[in-house]
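Novice: Residue strings, one per chain:
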Amino acid sequence: MKIRRLLLTALAACLLGGAAPAPASPEADRTAFQAFFKDRFPQTPFADFGNGPYAVNAPMRKQWEEIMQFPPYDFALDEGKTAFETKFANGKSYADCFPSRGIGIRQTFPYFDTKTGEVVTLDLAINRCRVANGEAPLKYQTGMMASITAYMSETSRGKPFAIEIPDDPRARAAFEEGKKFFYSRRGQLNFSCASCHASSSGQRMRGDILAPALGILAAFPIYRSDWGSMGTIDRRFTTCSSQMRAEPLPPQDIRYRNLEYFLSYMSNGVPITGPGTRP
Amino acid sequence: MASTIRVRAQAGSTSTEVQALIQHPMDSGFVKDSDGKLIPPHHIETVTFVHGGKTVLTANWGPAVSKDPYIKFSFAGGAKGDELVVTWIDNLGKTDTLTAKLT
Amino acid sequence: MRVLAVSILAFGLSAPAFAATQAEAEMAVAAAVKADAQAVPGNRWVPTVTALKAAQKALAAKDWDTAAAQAALAQALALRSVEQSKEQETAWQDAVIR
Chain L
1 MKIRRLLLTA LAACLLGGAA PAPASPEADR TAFQAFFKDR FPQTPFADFG
51 NGPYAVNAPM RKQWEEIMQF PPYDFALDEG KTAFETKFAN GKSYADCFPS
101 RGIGIRQTFP YFDTKTGEVV TLDLAINRCR VANGEAPLKY QTGMMASITA
151 YMSETSRGKP FAIEIPDDPR ARAAFEEGKK FFYSRRGQLN FSCASCHASS
201 SGQRMRGDIL APALGILAAF PIYRSDWGSM GTIDRRFTTC SSQMRAEPLP
251 PQDIRYRNLE YFLSYMSNGV PITGPGTRP
Chain R
280 MASTIRVRAQ AGSTSTEVQA LIQHPMDSGF VKDSDGKLIP PHHIETVTFV
330 HGGKTVLTAN WGPAVSKDPY IKFSFAGGAK GDELVVTWID NLGKTDTLTA
380 KLT
Chain E
383 MRVLAVSILA FGLSAPAFAA TQAEAEMAVA AAVKADAQAV PGNRWVPTVT
433 ALKAAQKALA AKDWDTAAAQ AALAQALALR SVEQSKEQET AWQDAVIR
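Residue numbers (the numbering used here), protein chains in the order written: chain L, 1 to 279; chain R, 280 to 382; chain E, 383 to 480.
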């Protein structure tokens, strides 16, 4: 009798405790997230998740391997390397703004800047470096910004994502904001990022295969055949928003940066595969 | 300025496999820009691959070929160290050329 | 589907049943602008913006019928987007991978 009462009380508590559960720790979130995708795609090695649709669809992978013999991002990569190594008018260069002279660090972005209390992405850091050295900021989404981030990504190819959430309530809040954005439905089509990249990942949306959210940022910036040009994470976030018929936010809007923070942390351990190419 | 042509040519025992990626807008002349104006045609018309003084491939391209075209083909013969000269000419008379060594 | 139903209803009610007067058109556009302002920045829908712009353009061209119809559509879409944002404030939790 006592046990039955206990069970009934527990059941009642569960049913009545309708308030949102306290957020699990980011590590618990990440473990659950990664387990979800490992279960959904048992044939895909963990390290392959940075290859998006090619990691979960064999015929697409075959086409991709052909294209990768001569990657379409080659031109941007060369342009980016040259730009990265060119000194600013004041004699300094990008290498002076970043740890390790900017080589092999892409996998640590974005990071939470405890001094300014905000998430800093690689693109933002590049422009802050330019402005601090008297240069005009670059436009986001494509062009030279994509070329420079392509070069910096290339120097990190194969290194696993290593995003940190410092012991700071603001960092935690930024992470939680990014998480909320990922799971919130938006736009006239009423989709969330999760609708396509979690629950429908691996399935088709018209002619495309939906990439799993795990590792989805690892290949950026990408040469997307659809665009016929390079695009950064911003470019994809803004175009995805429009595709859901939600007005896109400006590039590097804090909500996009928080989303990038969440997605990157969820992908900790997945090697950088950028710059990449996509259909 | 960096070349618009990337070439990889691998000499096998009886034939050579060539891959080339060319940077070019390949505007067909049928596409409109965001203001509604037609983007004028600007596309490669011919690409030639010359090995040992002999043209091993002539490609006649046009508006149907997309931006930054990629081509892959094989020709008989060729040995490591040989030279392969790749040249393209577009409808505006612009041109570029690159000499690559077979590997 | 609800959006479609509401927007068709709104369009149907406002359009050919009567010829809209200038005052009615202006009121409709004002209501649409107000509703649009409520749409949480970051969840303004693209079709809301399109309809609102069309309404304002029609108003400037003194096309009262079109202005009223497009404004009603814009308002309906804007209000639905505001509802969506409110719902999602809590609904997103259900989707979290745990």
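Note that these hints are calculated values from the structure, not bench results.
Fair warning: there could be bad hints in the mix.
What the hints assert, rightly or not - From chain L, some residues computed to sit far from chain E (all C-beta separations above 10 Å): (1) Lys-62; (2) Thr-82; (3) Ala-95; (4) Gly-187; (5) Ser-229.
As the list claims (entries may be wrong) - Simulated restraints on C-beta separations: (6) E:Ala-443 / L:Ala-162: 36 to 46 Å; (7) L:Gly-117 / E:Ala-443: 45 to 55 Å; (8) R:Arg-287 / L:Ala-95: 22 to 32 Å; (9) R:Gly-315 / L:Pro-99: 27 to 37 Å; (10) L:Pro-99 / R:Ala-281: 28 to 38 Å; (11) L:Asp-208 / E:Pro-423: 22 to 32 Å; (12) L:Ala-83 / E:Thr-472: 27 to 37 Å; (13) R:Arg-287 / L:Glu-85: 20 to 30 Å; (14) R:Arg-287 / E:Gln-420: 23 to 33 Å; (15) R:Ala-281 / L:Ala-95: 18 to 28 Å; (16) L:Pro-279 / R:Ala-343: 12 to 22 Å; (17) L:Asp-39 / R:Glu-324: 52 to 62 Å; (18) L:Asp-96 / R:Gly-315: 42 to 52 Å.
All C-beta atoms, glycine included, are put in the ideal place defined by N, C-alpha and C.
Novice: Could you run down the list of hints and mark each one as holding or not?
Specialist: Each hint, compared with the structure:
no.: 1; hint: Lys-62; in the structure: 30 Å, holds
no.: 2; hint: Thr-82; in the structure: 37 Å, holds
no.: 3; hint: Ala-95; in the structure: 36 Å, holds
no.: 4; hint: Gly-187; in the structure: 6 Å, violated
no.: 5; hint: Ser-229; in the structure: 23 Å, holds
no.: 6; hint: E:Ala-443 / L:Ala-162: 36 to 46 Å; in the structure: 58 Å, violated
no.: 7; hint: L:Gly-117 / E:Ala-443: 45 to 55 Å; in the structure: 48 Å, holds
no.: 8; hint: R:Arg-287 / L:Ala-95: 22 to 32 Å; in the structure: 31 Å, holds
no.: 9; hint: R:Gly-315 / L:Pro-99: 27 to 37 Å; in the structure: 48 Å, violated
no.: 10; hint: L:Pro-99 / R:Ala-281: 28 to 38 Å; in the structure: 29 Å, holds
no.: 11; hint: L:Asp-208 / E:Pro-423: 22 to 32 Å; in the structure: 29 Å, holds
no.: 12; hint: L:Ala-83 / E:Thr-472: 27 to 37 Å; in the structure: 46 Å, violated
no.: 13; hint: R:Arg-287 / L:Glu-85: 20 to 30 Å; in the structure: 24 Å, holds
no.: 14; hint: R:Arg-287 / E:Gln-420: 23 to 33 Å; in the structure: 58 Å, violated
no.: 15; hint: R:Ala-281 / L:Ala-95: 18 to 28 Å; in the structure: 21 Å, holds
no.: 16; hint: L:Pro-279 / R:Ala-343: 12 to 22 Å; in the structure: 20 Å, holds
no.: 17; hint: L:Asp-39 / R:Glu-324: 52 to 62 Å; in the structure: 53 Å, holds
no.: 18; hint: L:Asp-96 / R:Gly-315: 42 to 52 Å; in the structure: 45 Å, holds
Against the hints set out earlier in the document, violations occur for numbers 4, 6, 9, 12, 14.
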